[in-house]
Amino acid sequence: MIYLDNAATTKILPDVLDEMMIYLTEEYGNPSSFYDLGQRSKIAINKARDIIAESIGAKSDEIYFTSCGTESDNWAIRGAAYLGKKQGKNHIISSEFEHHAVLHTLESLKQEGFEITLLPVTSDGFVDLEKLKLEVRDTTCLVTIMLANNEIGTIQPIEKIKKICEEKNILFHTDAVQAVGKIKIDVKELGVDMLSISGHKIHAPKGVGALYIKSGIKLPSYIHGGGQERNKRAGTENVASIVGFGKAVKIAIDKMSENNKYVLNLRNQLIDYILEKIPATKLNGDKQKRLPGNINISFEGIEGESILLMLRKYEICASTGSACTSGSLDPSHVLLSIGLSHEMAHGSIRFTISELNTQEEIDIVKKVLPDIIKKLREMSPIWK
Amino acid sequence: MQYSDKVMDHFYNPRNIGTIEDPDGVGEVGNPKCGDIMKMMIKVDNGVISDIKFKTFGCGAAIATSSMGTQMIKGKTLKEAWNISNKAVVEALDGLPPAKVHCSVLAEQAIKEAIKDYCKKNNLDYKSLVADI
Ligand SMILES: Cc1ncc(COP(=O)(O)O)c(C=O)c1O
Ligand code: FES
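Those protein sequences? They're chains A and B, same order as listed. For what it's worth, numbering that gives the first Met the number 0 labels the leading residue of the first sequence as 0, then goes sequentially. For what it's worth, numbering that gives the first Met the number 0 labels the leading residue of the second sequence as 0, then goes sequentially.
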């Protein structure tokens with residue numbers, strides 16, 4: 000199998016699993032318990048907390064573990080909205096191409112009476128920050144813009160938002176789920192008040208995430224219950240996954256420049272090859288300011304699911320923005336936001352490379368893809 | 000997406016794919032749900048569909064249902080062809096995932112359009128042609 004869908008999820012690294020294993024077996028204590036078995040679990044999660052805090056330039060007591068990136072987004076946005084409401088503010092600014100974890104949370108807040116502005120995105124995949132200045136109101140309580148887009152990988156210049164938010168006393172959140180471990184992140188430089196992370200995108204298990212909340216911000220709790228996570232996020236901690244999460248972040252940070260160099264080479268090779276060898280193709284999103292492993296290409300005249308099915312024959316795993324796989328039968332909102340026609344959004348494929356991929360794997364994709372595209376185009380009524 | 004072996008067989012080796020030089024009837028329909036497009040061409044001899052070809056801009060299910068549909072229709076009278084439902088095609092493929100059943104409608108509609116087109120070109124009333132007597 001050739002796994003090129005690392006933006007969807009990643010394989011757990013052996014070192015990560017090793018570190019976790021004891022917390023799935025012998026070290027089963029509840030971190031809230033008094034005796035040593037419990038306290039050792041507590042020490043383990045706090046070690047992970049320290050690693051994650053350091054990796055983004057935060058303090059340990061600014062990191063709260065959650066069950067996933069989606070929960071972190073929900074908590075940050077809903078919490079900020081309710082804080083705003085108390086001050087008579089009800090307006091939130093975000094962008095058209097956020098992850099559904101953000102967009103659907105905003106949609107639900109809209110039902111509760113909040114006003115939502117979604118900033119447009121430029122054709123090369125950047126949120127139009129000029130428009131942000133025009134949209135800020137006295138009633139704006141939150142700006143939430145993702146750090147790196149999950150479909151097209153473009154990295155947003157969000158450090159430019161800081162000043163606008165500070166001047167107007169607006170909370171500022173970013174979804175950094177795709178960016179952590181891939182680009183250098185410093186919460187102070189970015190100027191964010193809240194930042195969402197998820198474990199499974201960086202070789203940790205699924206079902207663990209974290210939210211950075213800048214100290215001093217009194218974000219209301221989202222999950223109520225026991226006193227875990229300093230009374231902010233109840234629920235007995237997922238100790239083993241948190242430990243794995245910490246280890247995965249540590250490895251990602253230690254190896255970032257080495258991994259990025261390796262992944263970038265594979266990525267650029269494949270992009271250049273596809274654009275050169277296959278006619279009527281388009282790279283979606285700026286080529287430079289994108290995540291090192293991200294490739295998103297549209298092929299004119301054909302549909303993405305059928306490309307995926309052809310790739311399946313060679314056990315190549317990728318994803319598409321086509322309506323035909325979306326369940327909702329609308330093509331990717333991200334690709335539409337950057338101005339792609341329905342047809343081009345339909346014919347898009349995303350390959351996301353990690354450091355676990357090999358040159359041989361990329362060579363196989365190079366070898367099979369041109370014929371797949373040719374075959375499907377011959378079957379298409381709209382390809383001339 | 001979990002497709003049956005039959006769907007995958009028809010997807011990888013589609014029957015009757017292509018175009019007919021000089022078709023007697025052409026049907027082209029778009030799927031309003033997902034934006035996909037299907038084109039069917041038929042050759043008719045003495046009221047029998049002697050040849051049929053299709054092209055699809057669409058998903059695996061759309062390609063497989065057109066392939067199976069055309070196979071079921073070839074050699075049938077216009078009336079028989081008209082009455083082959085998308086349900087029958089789906090059954091012949093050992094089923095489709097629920098989210099993909101709408102794709103099979105595309106093939107059925109394209110075939111119906113091609114028959115209508117043939118009737119129009121030959122001054123036939125398709126309604127009386129396909130009606131049960
Ligand atoms: C940008 C972005 N935000 C949020 C999420 C959700 O994270 P999780 O799968 O941990 O809920 C994802 C992953 O699908 C993502 O790519
Ligand atoms: S034809 Fe688009 S989903 Fe099947």
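Be a bit skeptical, because a hint or two may be false.
[Said to hold, decoys possible] Calculated lysine-lysine pairs in the PhoX-like style (CA-CA distance at most 25 Å, straight line):
1) A/Lys312 to A/Lys254
2) A/Lys374 to B/Lys115
3) A/Lys161 to A/Lys58
4) A/Lys383 to B/Lys5
5) A/Lys58 to A/Lys231
6) A/Lys373 to B/Lys115
7) B/Lys5 to A/Lys374
8) A/Lys312 to B/Lys5
9) A/Lys286 to A/Lys159
10) B/Lys126 to A/Lys162
11) A/Lys281 to A/Lys254
12) A/Lys373 to B/Lys78
13) A/Lys109 to A/Lys132
14) A/Lys205 to A/Lys183
15) A/Lys85 to A/Lys46
16) A/Lys312 to A/Lys366
17) B/Lys126 to A/Lys374
18) A/Lys130 to A/Lys373
19) A/Lys366 to A/Lys46
20) A/Lys109 to A/Lys58
Hints in this document: simulated from the structure, not taken from any laboratory.
Structure versus earlier hints - violations, ascending order:
Per hint list: 1, 2, 4, 6, 10, 11, 12, 15, 17, 18, 19, 20 violated.
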